[in-house]
Amino acid sequence: MNAREISSAIRKGETTAKDVLENHLTVIQDREEEIHAFNLVMTEEARNEAEGIDALIAKGKDPGPLAGIPVAVKDNICTLGIPTTCSSKILDGWRPPYDATIIKRLRDAGAVIVGKTNLDEFAMGASTENSAFGPTRNPLDTTRVPGGSSGGSAAAVAAGFAPLAIGSDTGGSIRQPAALCGVVGVKPTYGRVSRYGLVAFASSLDQIGPFAETVSDAALLLETISGHDPLDTTSIIEPPLDLSTALTQGVKGLRIGVIDELSGGAVEGISDEVLSCLDDAVQALTTAGAIVERTSVPSTVYGLSAYYVIAPAEASSNLARYDGVRFGPRVDAKTTSEMMVATRTAGFGDEVKRRIMLGTYALSAGYYDAYYGKSQKVRTLIMNDFANAYEKYDLLLSPTAPTTAFPLGDKTEDPLQMYLQDICTISSNLAGHPAMSVPFGKGIDGLPVGIQVLAPAMDEHTMFRAGAVLEFSNQGQA
Amino acid sequence: MNERISRDDVAHVARLACLSLTDAELDAFTNQLSNILEHAADLDALELAEVEPTAHPLPLVNVFRDDEPGELADREKFLASAPQVENNQFKVPPALGDPS
Numbered sequence: 000m001n002a003r004e005i006s007s008a009i010r011k012g013e014t015t016a017k018d019v020l021e022n023h024l025t026v027i028q029d030r031e032e033e034i035h036a037f038n039l040v041m042t043e044e045a046r047n048e049a050e051g052i053d054a055l056i057a058k059g060k061d062p063g064p065l066a067g068i069p070v071a072v073k074d075n076i077c078t079l080g081i082p083t084t085c086s087s088k089i090l091d092g093w094r095p096p097y098d099a100t101i102i103k104r105l106r107d108a109g110a111v112i113v114g115k116t117n118l119d120e121f122a123m124g125a126s127t128e129n130s131a132f133g134p135t136r137n138p139l140d141t142t143r144v145p146g147g148s149s150g151g152s153a154a155a156v157a158a159g160f161a162p163l164a165i166g167s168d169t170g171g172s173i174r175q176p177a178a179l180c181g182v183v184g185v186k187p188t189y190g191r192v193s194r195y196g197l198v199a200f201a202s203s204l205d206q207i208g209p210f211a212e213t214v215s216d217a218a219l220l221l222e223t224i225s226g227h228d229p230l231d232t233t234s235i236i237e238p239p240l241d242l243s244t245a246l247t248q249g250v251k252g253l254r255i256g257v258i259d260e261l262s263g264g265a266v267e268g269i270s271d272e273v274l275s276c277l278d279d280a281v282q283a284l285t286t287a288g289a290i291v292e293r294t295s296v297p298s299t300v301y302g303l304s305a306y307y308v309i310a311p312a313e314a315s316s317n318l319a320r321y322d323g324v325r326f327g328p329r330v331d332a333k334t335t336s337e338m339m340v341a342t343r344t345a346g347f348g349d350e351v352k353r354r355i356m357l358g359t360y361a362l363s364a365g366y367y368d369a370y371y372g373k374s375q376k377v378r379t380l381i382m383n384d385f386a387n388a389y390e391k392y393d394l395l396l397s398p399t400a401p402t403t404a405f406p407l408g409d410k411t412e413d414p415l416q417m418y419l420q421d422i423c424t425i426s427s428n429l430a431g432h433p434a435m436s437v438p439f440g441k442g443i444d445g446l447p448v449g450i451q452v453l454a455p456a457m458d459e460h461t462m463f464r465a466g467a468v469l470e471f472s473n474q475g476q477a
Numbered sequence: 000m001n002e003r004i005s006r007d008d009v010a011h012v013a014r015l016a017c018l019s020l021t022d023a024e025l026d027a028f029t030n031q032l033s034n035i036l037e038h039a040a041d042l043d044a045l046e047l048a049e050v051e052p053t054a055h056p057l058p059l060v061n062v063f064r065d066d067e068p069g070e071l072a073d074r075e076k077f078l079a080s081a082p083q084v085e086n087n088q089f090k091v092p093p094a095l096g097d098p099s
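Just so you know, the protein sequences line up as chains A and B, in that order.
Counting along the first sequence from 1, when you hit position 466 you're at 465 in numbering that gives the first Met the number 0, and nothing is skipped either side.
Counting along the second sequence from 1, when you hit position 21 you're at 20 in numbering that gives the first Met the number 0, and nothing is skipped either side.
It should be emphasised that the hints constitute simulated quantities derived from the structure, not laboratory data.
Each computed DSSO-like pair below joins lysine-lysine, with the alpha-carbon atoms no more than 30 Å apart:
| id | chain 1 | residue 1 | chain 2 | residue 2 |
| --- | --- | --- | --- | --- |
| 1 | A | K103 | A | K88 |
| 2 | A | K17 | A | K58 |
| 3 | B | K90 | A | K352 |
| 4 | A | K88 | B | K90 |
| 5 | A | K17 | A | K103 |
| 6 | A | K251 | A | K391 |
| 7 | B | K76 | A | K103 |
| 8 | B | K76 | A | K88 |
| 9 | A | K410 | A | K352 |
| 10 | B | K76 | B | K90 |
| 11 | A | K88 | A | K333 |
| 12 | A | K352 | A | K88 |
| 13 | A | K103 | A | K58 |
| 14 | A | K58 | A | K11 |
| 15 | A | K17 | A | K60 |
| 16 | B | K90 | A | K333 |
| 17 | A | K11 | A | K103 |
| 18 | A | K333 | B | K76 |
Construct the complete structure from the given sequences, taking the supplied hints into account.
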């Protein structure tokens, strides 16, 4: 059953939140040891929440749109009193003193939070291999990575551990794992979902979003977590999204541009099997009545370079707070400064150290203009190019990731190769625009391919229209 | 090995970032950071003199709440997360003077 069916059955009294939860816990019991989607399965807490939902139903009250749906939450989102590790040793044993806003929204909507999912340490990576607690494996082929950084959330949905999951996306960390695991993943407009309680990586790029098996379920979850939050100063002052009409509206008459640079043009490394699925997606949208043509968004070519200066620069500042003074473990030393060095050196993994140093370098005297200043200007170019493209097109289209899921260990020795996984997704974060990945077709190895639908800021509605059509067409072929 | 960033630069940046690296780590990071910065050098091809920088996707304005007394954060809860506490304050090793 998908999420909407579960919620409906529970609200009608056809099943109970307890039964739904126990079914999912059984699936987790069967496969979690092999997959390692979770840093923590919250069995007891989830059982209490499910009982609470069933008690509400028994009293004739409506628990909300997510009534009794198990939801897995990325472990960089704060949960009151429950360990939140960011898959880093430097937060070992830390229990947040507050809940993230989205945790409150999930509970208010009746969701049952089933666990905290594994990620690349501090969300830095594209394979979930950078976790201090070991990698997550792709449920469709356990020799492959699930993508990252929200690999645990993507794998949890793909393995049937939970019909819905929450991730965060700074450069593709929801969309790329969604593509590699064959599920739907959405990065909303920057500011659409409150970041209060999301552990910061790169504050001008980070955005929370949903994973689901279906486009309709992703819409349901996004509706629930979106909307203004006074606790996040970058939260957009808008009511929660209502995407209900988007799912059945179709794409007739929509103008859709395929980004040439990311679809076999200037950017190398997009595999033939992925491009072949993109061609089929174009055909499907055309058949459904959209006007689809190739177009150029030239500066997307430079997105990767700009991103890998801007994101580390912001990270180097955000991660300065991990100093062994206020939270997390401490490595003792004679002086405060020696204690801080010892704590950070022992607590951070290699990728986090790499990005902190890269960002510190890019911001340091003598190099600021050459790297950070220049990258901020490229960010302007990307926003301008998108603005030009959206004068002609309602939506843009590209692959989500350059390849299908790759083998564990394939890219761990070469950070730049890992970064190239984000080539198609990064520009949306730099611009603050929404984008979603929808499974469409399979590679020659039978692994799923994701197609990315990009939309201008605030237009999730039109984006979901195309997402729903792609899903419908893909299911027709399966 | 290309030389976008020198071994000494990496050692300097590590000090600024409060990280301690072994010799082997210094070599590996120097090589990897050089490769990443080499890739970023493709931006040198762009004409950017007339382009304004963008720091943030939203046109941010300062947000103020009404100046009304609210609930205070629970001091105990926050102190409970700290590695060492004394007299209701975070405790650290000596920051000034001779530690010995």
